[in-house]
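Start from the sequences and build out the full structure, keeping to the hints where you can.
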Amino acid sequence: MVEKINGITDKVLEKMRHDPFPEILGVELIELAPGYARVSLTLDEKMTNIHHITHGGVVFTVADVALGLASNSHGPSAVAVNVNINYIRPSKPGDILTATAREEHLGRRTASYRIKVEDQQGKLVATVQGLVYRNAES
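Position 30 of the sequence shown, counted from 1, bears residue number 17 in my numbering, the numbering being contiguous throughout.
Heads up, some of the hints might be wrong.
Capping the alpha-carbon separation at 25 angstroms, the derived lysine-lysine pairs in BS3-like fashion look like this [as the list claims (entries may be wrong)]:
| hint | residue 1 | residue 2 |
| --- | --- | --- |
| 1 | Lys79 | Lys103 |
| 2 | Lys103 | Lys33 |
| 3 | Lys79 | Lys33 |
| 4 | Lys33 | Lys110 |
| 5 | Lys79 | Lys110 |
Read the hints as simulated data drawn from the structure, not as lab findings.
In C-alpha cells, the structure reads:
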C-alpha cells in the first residue's frame, strides 16, 4: 500500500506499475519521491535457505526494487550497472523487511544510491550501494 508519492509524473508512475517480479514476491511500495524510494516485504517460509533464515537473494531483491524505483523516479530509464551488498544480520519468516533507497549523486549518465534494509524493529539487515546508468533519451 502506497503511503506517499511526491513529485513523480503520471508517465513515470505508469511505467513503474508494470514491474511483475516485485508483484509476484509481494513487495509493496510505501513511499516514492525523486531520487528516493521505500518498499517493504513480509517474509514467509518459501523465502528461506537451508539454514531457515531469509535467502540472501530475497534481501538483495528488496534492495534492488528500491534502487530501481528511486533511480527511475526522475523519468529517464535507469538500469543498474553495479550493486554491492553487505549482509549484516539475518532475518526470518514473519519479519517485515523495509528497503530505503536514497540518491547520493545524480549525473547526466550515471547516478549512485545507498540502500538500507531493516527489519520491523529497525534493526539493520543489509547495506547496499548501487550505481545506475541513465538513458537521457528515454
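So, going through the hints one by one against the coordinates:
As the CA atoms of Lys79 and Lys103 are separated by approximately 17 angstroms, the hinted pair is consistent with the 25 angstroms bound. Distance restraint check for Lys103 and Lys33: the Cα-Cα separation of roughly 23 angstroms lies within the 25 angstroms cut-off, and the hinted pair is therefore satisfied. Restraint check: the Cα-Cα separation between Lys79 and Lys33 comes to about 11 angstroms, which is no more than 25 angstroms; the hinted pair holds. For the hint pairing Lys33 with Lys110, the CA-to-CA distance comes to about 22 angstroms; that is within 25 angstroms, so the pair holds.
In summary, the hint linking Lys79 to Lys110 is supported, as the alpha carbons are separated by about 13 angstroms, within the 25 angstroms threshold.
The earlier numbered hints are all upheld by this structure, with none contradicted.
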